[in-house]
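Trainee: The listed protein sequences correspond, in order, to chains A and B.
Just so we're aligned, residue 1 is where the first sequence starts under the working numbering, counting upward by one.
Just so we're aligned, residue 1 is where the second sequence starts under the working numbering, counting upward by one.
Please note that a few of the clues may not be correct.
[To be verified] Restricting the straight-line Cα-Cα distance to at most 30 Å, the calculated cross-link-like pairs of lysine-lysine (DSSO-like) are:
| # | chain 1 | residue 1 | chain 2 | residue 2 |
| --- | --- | --- | --- | --- |
| 1 | B | K210 | A | K69 |
| 2 | A | K11 | B | K202 |
| 3 | B | K36 | B | K170 |
| 4 | A | K58 | B | K183 |
| 5 | A | K35 | B | K168 |
| 6 | B | K191 | A | K69 |
No lab work stands behind these hints: they were computed from the structure.
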Amino acid sequence: MIVKILGSGCKNCETLADNTKVALKETGLDAEIIKVTDFQEIMAYGVMSTPALVIDEKVVSFGKVLKPKEIVQILDKVR
Amino acid sequence: MIIFEWLNSQLLKMEWLYDLVTLLVRNVFGLEVNSKAGGSIHFFIYDVVKIFILLSVLIFMISYIQSFFPPERTKKILGRFTGVTANILAALLGTVTPFCSCSSIPLFIGFTNAGLPIGVTFSFLISSPLVDLASIILLASIFNWKIAIAYIIVGLVLAVIGGTTISKLKLENYVEPFVYSNKMPEIEIEKLTIRDRIEFGKDQVLAIIKRVWLYIFIGVGIGALIHNWIPESMIDTILGQDKWYSVLLATIAGIPMYADIFGTLPIAEALVLKGVGLGTALAFMMGVTALSLPSIIMLKKVVKTKLLVIFVGIVTLGIIFIGYLINAFGYLLM
Numbered sequence: 001m002i003v004k005i006l007g008s009g010c011k012n013c014e015t016l017a018d019n020t021k022v023a024l025k026e027t028g029l030d031a032e033i034i035k036v037t038d039f040q041e042i043m044a045y046g047v048m049s050t051p052a053l054v055i056d057e058k059v060v061s062f063g064k065v066l067k068p069k070e071i072v073q074i075l076d077k078v079r
Numbered sequence: 001m002i003i004f005e006w007l008n009s010q011l012l013k014m015e016w017l018y019d020l021v022t023l024l025v026r027n028v029f030g031l032e033v034n035s036k037a038g039g040s041i042h043f044f045i046y047d048v049v050k051i052f053i054l055l056s057v058l059i060f061m062i063s064y065i066q067s068f069f070p071p072e073r074t075k076k077i078l079g080r081f082t083g084v085t086a087n088i089l090a091a092l093l094g095t096v097t098p099f100c101s102c103s104s105i106p107l108f109i110g111f112t113n114a115g116l117p118i119g120v121t122f123s124f125l126i127s128s129p130l131v132d133l134a135s136i137i138l139l140a141s142i143f144n145w146k147i148a149i150a151y152i153i154v155g156l157v158l159a160v161i162g163g164t165t166i167s168k169l170k171l172e173n174y175v176e177p178f179v180y181s182n183k184m185p186e187i188e189i190e191k192l193t194i195r196d197r198i199e200f201g202k203d204q205v206l207a208i209i210k211r212v213w214l215y216i217f218i219g220v221g222i223g224a225l226i227h228n229w230i231p232e233s234m235i236d237t238i239l240g241q242d243k244w245y246s247v248l249l250a251t252i253a254g255i256p257m258y259a260d261i262f263g264t265l266p267i268a269e270a271l272v273l274k275g276v277g278l279g280t281a282l283a284f285m286m287g288v289t290a291l292s293l294p295s296i297i298m299l300k301k302v303v304k305t306k307l308l309v310i311f312v313g314i315v316t317l318g319i320i321f322i323g324y325l326i327n328a329f330g331y332l333l334m
């Protein structure tokens, strides 16, 4: 599983990345976290509000700093 | 009318808090509020507490409204209109779309890529930080309703005229080409329940307070300093009503600064109390919120220097003009 955090590197994106790490640990899923900061790449996902969370190339959330609990729910759904 | 006046003085101006802090300063600090030290302490405590209370309540209510207008939806709404109507709508939606300076670039790309004229996007980008719903209520609390309404009107007019001018100049070529390169895919806007929206409101209150509390403390601190320690004659020499350069100076000082409108308001308040023209104080506030070095640097990534200079130039001239206008007619608002 590949998890991407889209965002220009502001504080919100950092928080989302940290929360994602916590959620991944909790679910015990093996995933690689990639931070995407390049606007051109972010654009390609159709995202206008950052930070956004992408799991296996699918945008699952945008414009929100998800809490670990919410990320766990999303992970449960997609796996 | 009596009920409205009571609501206005107690809930908005928080006179009960004013009196409470007066008692606190007198009995706990042992100082009179009209002494220098007592006055500063009073200004600081009263303003900090008032701003934090108003801010929390307001952000919650406003976030609830904003949850209906994510940028993706705003983009779709704007796409249905053309000409000045689109600019006016962009300026209005700018006041209710959740926005922070770090998301301005993806937003710019999203709007422009969807085929919105760049002038419409700029109308949005000018009004969004400048005319914020929360700032209007705070203006009404610190000054009065007339000033708050005048502020909204000039802010929106500036956004519409600024954006329209940029449209007329046909500057589409000065956007970085990658913005147009590939059509961005549509993503689905998720449906929110009432509980989701309440949750969003709570998150926004926490996130915004966390982001701005320091600016508020610094702003109120500077305000208290101006209010009681800096001699009126000194402020008068630099920013006095009769000095033709006061608005110019206030705007140019404000532009590179990056602060929230909530941190800037107490400074504007203290300046007006010291006899500085209302237009001068508001020009300073608008300069701080509408433009800042970090946001200009961010924009540089998607537009070429010429367009950036035109944008900053139009907004700066607009603010200076508004400053002189309000200084000339401000007596109607007080």
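Trainee: Taking 30 Å as the top limit, are the C-alpha atoms of A:K58 and B:K183 close enough?
Mentor: 17 Å, holds
Trainee: Keeping to a limit of 30 Å between CA atoms, is the pair of B:K210 and A:K69 held or broken?
Mentor: 21 Å, holds
Trainee: Are the Cα positions of A:K11 and B:K202 separated by 30 Å at most?
Mentor: It holds: about 18 Å lies between the C-alpha atoms, which stays within 30 Å.
Trainee: Mind checking the alpha carbons of B:K36 and B:K170 for me, to see if they're no more than 30 Å apart?
Mentor: Roughly 55 Å between the alpha carbons, so the hint for B:K36 and B:K170 is violated.
Trainee: For a C-alpha distance cap of 30 Å, please report whether A:K35 and B:K168 respect it.
Mentor: 39 Å, violated
Trainee: Assess, step by step, whether the Cα of B:K191 is no farther than 30 Å from the Cα of A:K69, and give holds or violated.
Mentor: Between B:K191 and A:K69 the Cα gap is close to 19 Å, so the pair holds against 30 Å.
The structure fails hints 3 and 5 (numbered hints given earlier, in ascending order).
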